[in-house]
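Asks: Chain residues, written in single-letter form:
Protein chains: 4
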Amino acid sequence: MFGDQRVDRELDGSAWLAAMLDVERALARAQARAGLVPPEAADAVAAACRPQLYDAAALGRQARDAANPVVPLVKALTAQVPRHAAAYVHFGATSQDVLDTAAMLVTRRALEPVQQELAAAADACAALAEAHRDTILAARTLLQHALPTTFGLKCAGWLVALDEARAGLAAVPLAVQLGGAAGTLAAFGPSGPTVVRLLAQELDLPEPTLPWHTDRVRIGQLAGALGVAAGVLGKVALDVVLLAQTEVAEVAEPADGGRGGSSAMPHKRNPVGAVRVLAGTRRVPALVATLLAAMAQEHERAAGAWQAEWETLTEALRLVGGAAATTRELLSGLQVDAGRMRRNLAASGDALMSESVAARLAPDLGRAEAQELVRAALAEGRPLRSLLEAHTTLNAEQMAAALDPAAYLGAAAELVDRALSAHRSRR
Amino acid sequence: MFGDQRVDRELDGSAWLAAMLDVERALARAQARAGLVPPEAADAVAAACRPQLYDAAALGRQARDAANPVVPLVKALTAQVPRHAAAYVHFGATSQDVLDTAAMLVTRRALEPVQQELAAAADACAALAEAHRDTILAARTLLQHALPTTFGLKCAGWLVALDEARAGLAAVPLAVQLGGAAGTLAAFGPSGPTVVRLLAQELDLPEPTLPWHTDRVRIGQLAGALGVAAGVLGKVALDVVLLAQTEVAEVAEPADGGRGGSSAMPHKRNPVGAVRVLAGTRRVPALVATLLAAMAQEHERAAGAWQAEWETLTEALRLVGGAAATTRELLSGLQVDAGRMRRNLAASGDALMSESVAARLAPDLGRAEAQELVRAALAEGRPLRSLLEAHTTLNAEQMAAALDPAAYLGAAAELVDRALSAHRSRR
Amino acid sequence: MFGDQRVDRELDGSAWLAAMLDVERALARAQARAGLVPPEAADAVAAACRPQLYDAAALGRQARDAANPVVPLVKALTAQVPRHAAAYVHFGATSQDVLDTAAMLVTRRALEPVQQELAAAADACAALAEAHRDTILAARTLLQHALPTTFGLKCAGWLVALDEARAGLAAVPLAVQLGGAAGTLAAFGPSGPTVVRLLAQELDLPEPTLPWHTDRVRIGQLAGALGVAAGVLGKVALDVVLLAQTEVAEVAEPADGGRGGSSAMPHKRNPVGAVRVLAGTRRVPALVATLLAAMAQEHERAAGAWQAEWETLTEALRLVGGAAATTRELLSGLQVDAGRMRRNLAASGDALMSESVAARLAPDLGRAEAQELVRAALAEGRPLRSLLEAHTTLNAEQMAAALDPAAYLGAAAELVDRALSAHRSRR
Amino acid sequence: MFGDQRVDRELDGSAWLAAMLDVERALARAQARAGLVPPEAADAVAAACRPQLYDAAALGRQARDAANPVVPLVKALTAQVPRHAAAYVHFGATSQDVLDTAAMLVTRRALEPVQQELAAAADACAALAEAHRDTILAARTLLQHALPTTFGLKCAGWLVALDEARAGLAAVPLAVQLGGAAGTLAAFGPSGPTVVRLLAQELDLPEPTLPWHTDRVRIGQLAGALGVAAGVLGKVALDVVLLAQTEVAEVAEPADGGRGGSSAMPHKRNPVGAVRVLAGTRRVPALVATLLAAMAQEHERAAGAWQAEWETLTEALRLVGGAAATTRELLSGLQVDAGRMRRNLAASGDALMSESVAARLAPDLGRAEAQELVRAALAEGRPLRSLLEAHTTLNAEQMAAALDPAAYLGAAAELVDRALSAHRSRR
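Just so you know, the protein sequences line up as chains A, B, C and D, in that order. Just so it is clear: in the first sequence, position 291 is 291 by this note's numbering, and no numbers are missing. Just so it is clear: in the second sequence, position 71 is 71 by this note's numbering, and no numbers are missing. Just so it is clear: in the third sequence, position 289 is 289 by this note's numbering, and no numbers are missing. Just so it is clear: in the fourth sequence, position 150 is 150 by this note's numbering, and no numbers are missing.
Just so you know, these hints were derived from the structure itself, not from any lab. Using N, Cα and C, we set each Cβ at its ideal position, and we do this for glycine too. Among the clues, some could well be false.
Ranges between beta-carbon positions, derived for each pair [to be verified]: (1) B/58 <-> C/255: 47 to 57 Å; (2) A/381 <-> C/171: 48 to 58 Å; (3) C/401 <-> B/173: 35 to 45 Å.
Here are some, though not all, of the chain A residues that point toward chain D, as calculated from beta-carbon distances under 7 Å [to be verified]: (4) 185; (5) 193; (6) 205; (7) 209; (8) 210; (9) 224; (10) 231; (11) 238; (12) 292; (13) 298; (14) 303; (15) 409; (16) 418; (17) 422.
A few chain C positions that, by computed beta-carbon distances, are all more than 10 Å from chain B [as the list claims (entries may be wrong)]: (18) 5; (19) 12; (20) 33; (21) 35; (22) 56; (23) 57; (24) 252; (25) 255; (26) 333; (27) 347; (28) 349; (29) 382; (30) 392; (31) 395; (32) 414; (33) 419.
Using the sequences and the accompanying hints, generate a full structural model.
Replies: The following block contains the structure:
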């Protein structure tokens, strides 16, 4: 319930199996192009690299004995090819070459719907920011009313963060991995670098400076970018949950199809989407930590740290994917109660205008004294207007402006426009 | 490949479904005993609480809409009972009551094979400690030879830690959870506490002081105990991997059935069991962190933190279970090369006896000077015997003893016996 | 700003230095009692074990060269004793013996004020629970009003969790560590186990089954207990912050001495104590993860994992200590607005009574239909009373009770009493 | 002992104080340029922004009451300026503006020596890679000898990873933060965006699209990049510790000044630098997790999550800084024993050539059978040469090449050159 079907489909056992077979196929083809493997052997290998020929679950079980799934896969694949081609299956590669390159393919495939959902969530934010460019509500610091702001600016904040998270994911450097067991490409003779280049072409993946079997910067950066995306999605969901509180009630999630019901309380309308996002995203930082801690890998292949990456990375992609899709969904249908926003703001009375009033008092009284007067007036329930009357020479219009939340929005609208413009230029 | 079949079976979707139905059944029965539900209604509910009547996967998908799986389950369960019993399904309970109590059942059921495997691993350690009570090898600090010790003492160290980890898991306080949506038991009228007591009886779970819907101490303590168990298993596996290194070669994993093979290098005999343990256990601390961070739960039910527990706890149990089983397996068949241990020790020559020699020099020369002389001798390749000859009045026998690793084992054998005796008293 | 002076004082560089010297002194004395060290040498060592003789900062810098602070300390200590005693300084011990035992002392000393603060915080909860045994407020699930409960029961929940956290910390097994470099006690000849026993006596610490240099169960369990304590403190603070929100305003922190002020907004009354607790406690789970991950320590002394414990454990103790003290402080002066609690509850109108009403409708209509009717009535804004009138035969009094939040508190008061009684029996 | 003086100096209390004052000064100047503040007031404020006027420790203590250090700092700063300027201190800013912008300054300043150390460490790697371009040693997978490789390629792997980590840190987007309490810049009237632009100019920091008070992408990305750097440094140190093991002894740390001594064993030469790096870096992933988890910040300022960043970020910078400096130090003086590398390799005998031999047998026998023959020969201790003689038509020279590790290095040298060239182009 924390994932998303489109993303999950790229991450399950079949998806990993397909990716590993894609690597084996591409490897045979690259080697054929490099003249290391007879074309007909490469064709035979390629023909055998169809997932439906293999039992992903059985291979998974057999993976125990080698502590990696490529060993049984290569055995099964070899059994599928004619004898003449058998020697060319997985030729010169090591398990890690296949698994790491497959991880890159799985990541690229899973990130595609993730990025689409993030983009769509950002679009939904943009629409909200535009629609509510001038919808006033209370800004809250430490969960206390602070100053007036606009819901448009709030959404613009989400928008910018979502766009940044998306850019971060797009910047993660994927790359083909091929080095053989030692990273020397020894089995390919002098053709090693050529095979790497051709394999990269076959799979449309960048070619790295060196084999990266125990240089896990890519995985670490991917982890970091997923962690950032989770953080941004969690921030949006947290705001939604807080705004949807019974006492605040400024937004509600879309209520289609009985969502948000309770087993005990028929009246409840729970922010279930945001709750799922919060539940999913709060699990990601620890997964990132596991992946970063796993970067210290021994020598030319790690004894544990590498193997710890597989499910952890899959899980992080799954959780970010699910959270992105749910966030898009909930933002797209978010119900905004502008009237309630204004009423909640008004309930704070003068308090939200204290900075505005203090600022007008400060030139004459000094900042400290101005603040003290305001604090005292609020504490005693005296209207701030009385302070302005006593200590300033503002006219009626200026007085009204000093006390009108809608006149104290600063650059909110301009900032919304800036965020929208930045978003448009990213699309 | 990081789990264990017996443990995994208690943790999958079906196991959770079965546990939730067990709770619903027990709740109906407890309420019948309390006089809140007609006995025939309770019987009807109980009869419908058979997992095979439900589609775990479909319920999982429907869980999205309520952000919890109990809501669709209660709906499906209600559809299975006759009309007269429908009002008594899940009566007075909230989703969290069912899920939290089910989590306790799942935990108890999964911990049973986990504890058995830990106990069997400890037994295997005990057997090794006993068999190698006097097998001498180099103690290593910072991965450098330090002093002589025995493999028996090393195994005794693993043994004590495994027994402590087991005791830690056994001490985790499980408890039934029942409070209704607010934790007040309001729906049960005056019978609330009675229903809690009877439900605890039905499920053979302790009764807590209060409903613990947002008091997650139990989950936190369970997490901690799992983290400790993972740490202990990881320590054993790390030692095995290090001892199995090509250059050390003091132990090897059992080689049954082609285990430890490599896709590229036919000669390899990899410590695959230990690698799987290291891979699995290094993922646990982050899961513990997620569970501990999730203890800060809002009001009477959390918006995200509670929901983050489910898969995380399941995963932690799965990984510890798999690591325990694999550790038992690898310790049971561990191949120990006592000759190699002795040869590795001997290769360090006098160096391992430096403390022994320095201690004999110290009374006369002072500790600092004694150490300095020893350091200089070792650095210049001079035998330590020459120092003893020059600066002490030891006779030949005393001299030999001062330079014999086997005579510098201190209380190793006594400590082994102590650990074995403590282990026996725990069984 | 996240710590507490009394706790911090037990954790700083001087405290660690003092603890290490306490171990060296106790070691010399134990060895004198065992007849390994001349009494006057032991006295001389003991006399030199005064912290004021050493420069903690300088020793800290010198620690770099040995990757541990004991090496330079032993050197400095040796320089302080007369020549006759020099050979008996740190005799037979290894750095880890001193540092691990010192860690136990530091932990015991720091936990004392921590436990006092936790106990005082629990007392404050108990007082609140008693005072507000019947103060009604809305229970909130997923931050939505759910059912009525009492503030007393809420505080009782905090109370039970605080008491459990305290018990968890008290149960952590401390123990003396002494094994020498290999854990064999070889340097002590046949007296090894005796020296351990006497050292344990000197320091009033339990004696472990074996030296625990690379059995880090103690540290892992301590970490877990600190993580649980942090989780409980974070839960209390989270509730306080949420209850203190401008729109909720049911509690406020004590306002002594200008606390909670803002640099920009003079009117703000921020829940600064709770914010500090939330900030401090949310850093603890990751520290726990670091400590648990560090349990996999190589052979007889770890190359990195052990050294990673020191500052991490200190930091976890510091943060839990600070959070405990702040929680005690804020609970002791918590301002509770019972009127606002009741008004917030009333604002939800009939909604909070939906379970109560549905339960009364269910016997006749079936649970599903009853819930559907209630949902529809709430959605259309029709009073629930109309449903009771239409579908039940309740009399006026029963009708009023069915709709009165104060009559739907279940066992809240009884549960409060149970928590108070459990608390009293723990004191 | 885990930090580095140059880096630590940019991170301590004084450094933070100085950075906050830098922000206040720059703010006053920017506002003067924008015409919001009289130039002489700005000058007065700027003059008061000298760290030596303030007591960092006292401000730290006072920070408790506001849960942030800016509130007392602004008070103290205001007390330092003449009355005419008092109203212009911190004008229109909120605590978070100052603290977040100061965090950017602190980060930039601390990263400077960190990046220099990383660059110098990479240079040292480059020198090692060049010097040992053809130094043969055993590649190890799962800590087992696998195939021959070169120490040059190993160092090239470290080099590429270090350069990638450095590039990752350089790419982290810093930015000025200024928004006022609500992020609207309201206090500046229409000049808000201008003030932001000028403030960015004053501090030479980029201007963000929006105020980022609760958009923590920057912090998350910085955390991720620090985590990646820690992972890379940890990988290098782990390899060094493993290569320095007594049984391997292929490298040793520089032995200047008594480094690596032991309190008990005078002969020890511990890899203390690598141990410090491993200890420091293994604490970083959890700090990253804390920072990522803290990204979900409430509304316009978080209640706890933001405050949790400060010490965590500081600590992460400190630990990465210390690890970078130590890595540079240890790599610069690394003692490499090429003879021992060759002897360790030779000790594996034919085993390391199994892939080479199997590859030559495969064309005729098929890969599976070839591997099986090799495996059997190794298991039975028969020389692989016999297989080549029996199953191939290789001539003597080809036979020798098939069995010569130095002839089975593939593209190792070419890959070293590629890494060196990439490094040079980065400088």
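Asks: So which of the earlier hints does this model not fit?
Replies: 6, 32 and 33
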